[in-house]
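Student: Please construct the entire structure, taking both the sequences and the accompanying hints into account.
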Amino acid sequence: MRIINRKPSRVTSITLTALPFVATIGVYALASHYRRLENPADKLLPSFQHMGETFWRMAFVPDKRSGDLLLWLDTYDSLWRLGMGVGAATILTLSLGILIGFIPHARSTLAPYIATFSLIPPITILPILFIIFGLGETSKIMLIVVGTAPVMIRSVSQEVMNIPRELIIKAETLGASVLQMIFRVVLPQTLPKLVNVMRLGLVPAWIFLISAEAIASTSGLGYRIFLVRRYLAMDVILPYVVWITLLAFIIDRLLLLLSKRAFPWHHLGGETL
Amino acid sequence: MSAPPKISVRNVAKTYGDMTVLERLNLDVEEGAFCTIVGASGCGKSTFLRMLLSQETPSRGRIEIDGAPLPGEPTPDRGIVFQKYSVFPHLTVEDNLILALEFERSRPFGRSFGPSRKAARAEIDDTLEKIGLGSARLKYPVQLSGGMQQRLAIAQALLKRPKVLLLDEPFGALDPGIRADMHDLLLGLWRELEMTVFMVTHDIREAFKLGTRILVFDKIRHDPHAPDAYGATITYDLPLTRKDAGPPPELAGLAMNADTSTGANA
Chain W
1 MRIINRKPSR
11 VTSITLTALP
21 FVATIGVYAL
31 ASHYRRLENP
41 ADKLLPSFQH
51 MGETFWRMAF
61 VPDKRSGDLL
71 LWLDTYDSLW
81 RLGMGVGAAT
91 ILTLSLGILI
101 GFIPHARSTL
111 APYIATFSLI
121 PPITILPILF
131 IIFGLGETSK
141 IMLIVVGTAP
151 VMIRSVSQEV
161 MNIPRELIIK
171 AETLGASVLQ
181 MIFRVVLPQT
191 LPKLVNVMRL
201 GLVPAWIFLI
211 SAEAIASTSG
221 LGYRIFLVRR
231 YLAMDVILPY
241 VVWITLLAFI
251 IDRLLLLLSK
261 RAFPWHHLGG
271 ETL
Chain P
1 MSAPPKISVR
11 NVAKTYGDMT
21 VLERLNLDVE
31 EGAFCTIVGA
41 SGCGKSTFLR
51 MLLSQETPSR
61 GRIEIDGAPL
71 PGEPTPDRGI
81 VFQKYSVFPH
91 LTVEDNLILA
101 LEFERSRPFG
111 RSFGPSRKAA
121 RAEIDDTLEK
131 IGLGSARLKY
141 PVQLSGGMQQ
151 RLAIAQALLK
161 RPKVLLLDEP
171 FGALDPGIRA
181 DMHDLLLGLW
191 RELEMTVFMV
201 THDIREAFKL
211 GTRILVFDKI
221 RHDPHAPDAY
231 GATITYDLPL
241 TRKDAGPPPE
251 LAGLAMNADT
261 STGANA
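Protein chains in written order, with the working numbering: chain W, 1 to 273; chain P, 1 to 266.
Quick caveat, the hints were computed from the structure, so don't treat them as lab data. One should not assume that every hint holds.
Claimed, not checked - Taking beta-carbon pairs under 8 Å as the criterion, some of the chain W residues facing chain P (in silico):
#, residue
1, M161
2, P164
3, I169
4, K170
5, E172
6, T173
7, A176
8, L179
9, F183
10, V185
11, Q189
12, A262
13, W265
14, G269
15, L273
Note that the structure is predicted; figures quoted are calculated from it, not measured. Heads up, the beta-carbon is just placed ideally off N, CA and C, and yes, glycines get one too.
Tutor: Encoded structure:
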């Protein structure tokens, strides 16, 4: 049988899923082992045990200077910024996306403008944001908004335009006003797509969050990583990277779960990645 | 003087850039007629229907309804059933049916809650039973068969009691057996509600079975050097008296044509 028609069994599927992860860990363990044979104090590839101990210390032992549990402080601050940034971007996306996708005059006014705006590399705006909003939380949140919203708006506008015209016309023949069409036809059809766009938008959102924290911050996951870089503290950096990845993964899965719970009709058709 | 025709089409043409799709359309349709529209793929049948719906506007000429110009946008006086995307995929069967009531009663957002929602759901009980979807009321359209979806689409299109019902190949994707059931349903509703019906179909037998009048669209003028210069027009306009009459001999060839092109949408 051709390979496109061969489906892995459940056991095979789980094994195949685990394979690249296990391989990565194995290669790391080997490399770390041989480096530490040569130099037991090697900082570049610390042992799992060492990283575990450090992570435990970051999570459960109060910092000597400030008395804070650094991991949780960093996580809370970063997630707060990420949430505010992505939240604001999402509200902007939904309102402007529906306007642009549904109302031709709004499309003519805003679509080319936002398309142009989305081409500005967001990180080049960061100095401007720092000058306008100072080095506080606002400029970090704004960077996330500026970095994610324009692209999100473009995708959602397109999704709104892709709603079959037949459905809009049907609503018109049922006597709907524009506002009623937006709330009963366009919005419900757009929301599952919006969740999808959010899941994709979270990837650049994390990049801009970590960048902003690396450049000007006194807390946050990105701040910590770039702070301990000076001491070659791979035992902090590597667990933090894994932790950030885990957080991003959990948020992504939660959004998918939300979509499946809230919009069952959207997921009846087929598999969602 | 007799009443003006329900729908009156005067010298209508539709062009897209240099391409003429339809030209020299003239037609008077009296109230209560069941017009079936047939013709080869790409001859503008669906375009004509979209003009009757105000989804598109004629490039030349005018269309009148009850002696007044057709409104510039789709309105509740003309119901529509498409072949696809006719019902709202995000609403259950019963919510698809109460939507029109909600639009009417719940300003500004068109969403009812609590008791008024319950009342609206009770109001459509009869309709649900009539179209045989009583047990499927909580299902989403995607969970229904094609025939059930189209029954829902027809019921939904009739909620506002339109005087004109437009059908764009509504049964094109259905099995023959299901089609026959749908024909009975549609004819029953047509007699009961005294509507004027326009139905585009690829199936010539269906056209003869259902219609009181059949309109055949075809291109009669050809310019070999500019194939798009001339559009299709109404080449046959036959009143049908006997419901069970088969296609007359001069249209037998067309029937073959229509059968082979089933599925393609003009």
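Student: Each hint should be assessed against the structure and marked as holding or not.
Tutor: Right, here's what the structure says about each hint:
1. M161: This interface hint is violated because 14 Å lies over the 8 Å limit.
2. P164: With Cβ-Cβ at 4 Å, under 8 Å, it holds.
3. I169: With a closest approach of 5 Å, the W:I169 hint holds.
4. K170: holds (6 Å)
5. E172: holds (4 Å)
6. T173: holds (5 Å)
7. A176: Interface hint status for W:A176: holds (5 Å vs cutoff 8 Å).
8. L179: This interface hint holds because 5 Å falls under the 8 Å limit.
9. F183: For W:F183, the interface hint holds, since the closest Cβ of chain P sits about 4 Å away, which is under 8 Å.
10. V185: holds (7 Å)
11. Q189: holds (6 Å)
12. A262: Constraint on W:A262 not satisfied, violated at 11 Å.
13. W265: With Cβ-Cβ at 4 Å, under 8 Å, it holds.
14. G269: Because about 6 Å separates W:G269 from the closest Cβ in chain P, which is inside the 8 Å limit, the hint holds.
15. L273: violated (19 Å)
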